[in-house]
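From first to last, the protein sequence lines stand for chains A and B. All residue numbers in the first sequence are consecutive under full-length UniProt numbering, ending with 302. All residue numbers in the second sequence are consecutive under full-length UniProt numbering, ending with 433.
If you're looking for bench data, these hints aren't it; they were derived computationally from the structure. Since the model is a prediction, treat every value here as computed from it, not as a measurement. Each hint can be trusted.
Listed next, with one range per pair, are the computed distances between beta-carbon atoms:
(1) B:55 <-> A:106: 30 to 38 angstroms
(2) B:340 <-> A:53: 42 to 50 angstroms
(3) B:190 <-> A:207: 46 to 54 angstroms
(4) B:176 <-> A:48: 53 to 61 angstroms
For every residue, glycine included, the Cβ atom is placed at its ideal position computed from N, Cα and C.
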Amino acid sequence: MISYQLGHLKALEAEAVHILREMAAERERPVLLFSGGKDSIVLLRLAEKAFRPARFPFPIMHVDTGHNFPEAIEFRDRRVKELGERLIVASVEESIAKGRVVEEKGPRASRNRLQTTTLLDAIEEHQFDAAIGGARRDEERARAKERIFSHRDEFGQWDPKNQRPELWNLYNTRLRKGEHFRVFPISNWTELDVWAYIREEKLEIPSIYYSHEREVFERDGMLYSRAHFTELLPGERFFREIVRFRTVGDMSCTGAVRSGARTIEEVIEEVAASRVTERGATRADDRFTEAAMEDRKKEGYF
Amino acid sequence: MSGDLISREPIAMEEGAELLRFSTCGSVDDGKSTLIGRLLYDTKSIFEDQLQHVEDVSRRRGDEYTNLALLTDGLRAEREQGITIDVAYRYFATPRRKFIIADTPGHIQYTRNMVTGASTANLAIVLVDARKGLVEQSRRHSFIASLLRIPHIVFAVNKMDLVGWDEGVFRKIEAEFRNFASKLDVQDIAFIPVSALHGDNVVTRSENMPWYQGAPLLHHLETVHIASDRNMIDVRFPVQWVIRPQSAEHPDYRGYAGVVSGGILKPGDEVVALPSGFTSRIKKIETFDGPVDEAFSPMSVIVHLEDELDVSRGDMLCRPSNKPVVGQDLDAMVCWMADQPLTPKSRLALKHTTRWVRAMVTNISYKLDVNTLHRNESVPSLGLNDIGRIQLRTTAPLFYDEYRRNRTTGSFVLVDESTNATVAAGMLLSEPR
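Working from the sequences, and respecting the hints, build out all of it.
Structural data, given as structure tokens:
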């Protein structure tokens, strides 16, 4: 007997496909943000589900800090080519060269924050009116408050106290000139859902998500990858360790976890048993203040 | 709330475990956030870094207990004021089900955010403080839950520890609410005495209340029957997007993409396209993963028809013998969400399924007093957070069902075209006046 029930992953998938089509139908110039990370990999599959056999009705854009993992960049280019879609790279390096942002100095410098300006400049340059992102509400407490169609004013700012009510699946997609939306089709997914979906759909992911040996250094209790820009603080040293990454972000603020997980099954087992959130475990940028994410989002951060 | 170290257990989800969306509501200080914190804590869904953070902040603020409300109050302004302003969404899973919680604010000035959380919920938990009994907000929230046709309501009578676990107190509140609920349109109501702070009857059965024979809250959430809450009878397929690849590989491909909003679609079925009225048959129902034999709510699919009809976004496919109401004069209940009042002659944009039309308010029938359910028929306007019945005339016909029959084809939103703000949630009534 058919029960006419959708399992929870299928229900989440159907919701995300609906959101993508709604955005494509009602906005003129959307763009899909792709970092090579697991959440945006899922987004690309959901876009295939929504629009194939036609082409995507939007380009793909990566905000490249210039300090990304080489494995992620290689994966990004290959994946976009396989899909036969168009990739735009917005470069923080270029924003620095143009004097739009000033690079932080010293061993603790990070380009993570600089991404905001590069992203907003690219949105303005291409006149994008909707930027689709892979953010999830379970990531962080400010994200838990955000709408699926998240309105940004002409300065790219989010106003958390004045969000539009989001009723049923009737998204209000209206904008004034210069404003845009951040659209989050997988808002309602958890980290485990994303991994389960990657397993279900047999999606390829960058190799750094799996266990490998790497040269790292330890700072504030986190393991960071050695990179061409790394400056050690007194007392720090490089050493080799068996690690993997739970998130793929800017190398300067994305920590690794010690792990032997070599397959998707082992990764899922590890994530399910983990006692810390992915951001708590591996993202330094959320630790500055109690409301670090909210503050950055108000500025226009993704 | 300190003590045991939390370990998140591997979540062995059953194949095809169902998704249950529920919202929590109740007056300020009734302990909503604490209840959610307790559910997350006892199902081992809180991570160490999150708990550590909450403990640190609680200690810094001098709270007597670890303040689990800090888990859900994620905005700076909420933490400053110690109140919930906007909906927060939280997630947890048990082997049986996966849950999405919409934690909605209790303050009257944020009613619109409560409606936001309630609009997609299968179930609502209304929290009541055992010491206070039913207050205005409990009535208001249960009325909104019933208006939004949330099929299942749980009354969690909280803070039983503060009334000596007294059965009499619980029964009195239960009786009082049953009396109020007889005027509401709710099918399934459960009453559970709990202590969110101490965890009694939240995840595990309370030893302090042996007189309560029912299931603890989590068990109820895991087992409440939601499969038949969707409309499986009336076929409704609002066309969302037409897929027409411009490629040599697919020269003649034309697929209608959308969400099944009611009934069951099958290849071979005769369908009529609204508004054109042309009929055809379903040739194929397709997904990225291949064709399917059947499609039902809430699947996102691509429908192919035998004939080349002119069908575009905003149109609707249904069965020729079972059509929705088609009309331009609408009768609806609305929750008004803007500071500017709603008055007759207001012109607004209206979104219903996948179409936008313009609408003019032709009449305000009445405003409801949500405490007494009394209808005030002589109001000139509806103010912020008011609920009332209005009539609208639209520039083009809508294809709709009564909201109580179908939450998707019976709902709409109103948008102020000068500010683009979403100003009302609307639920259509059966027959236009």
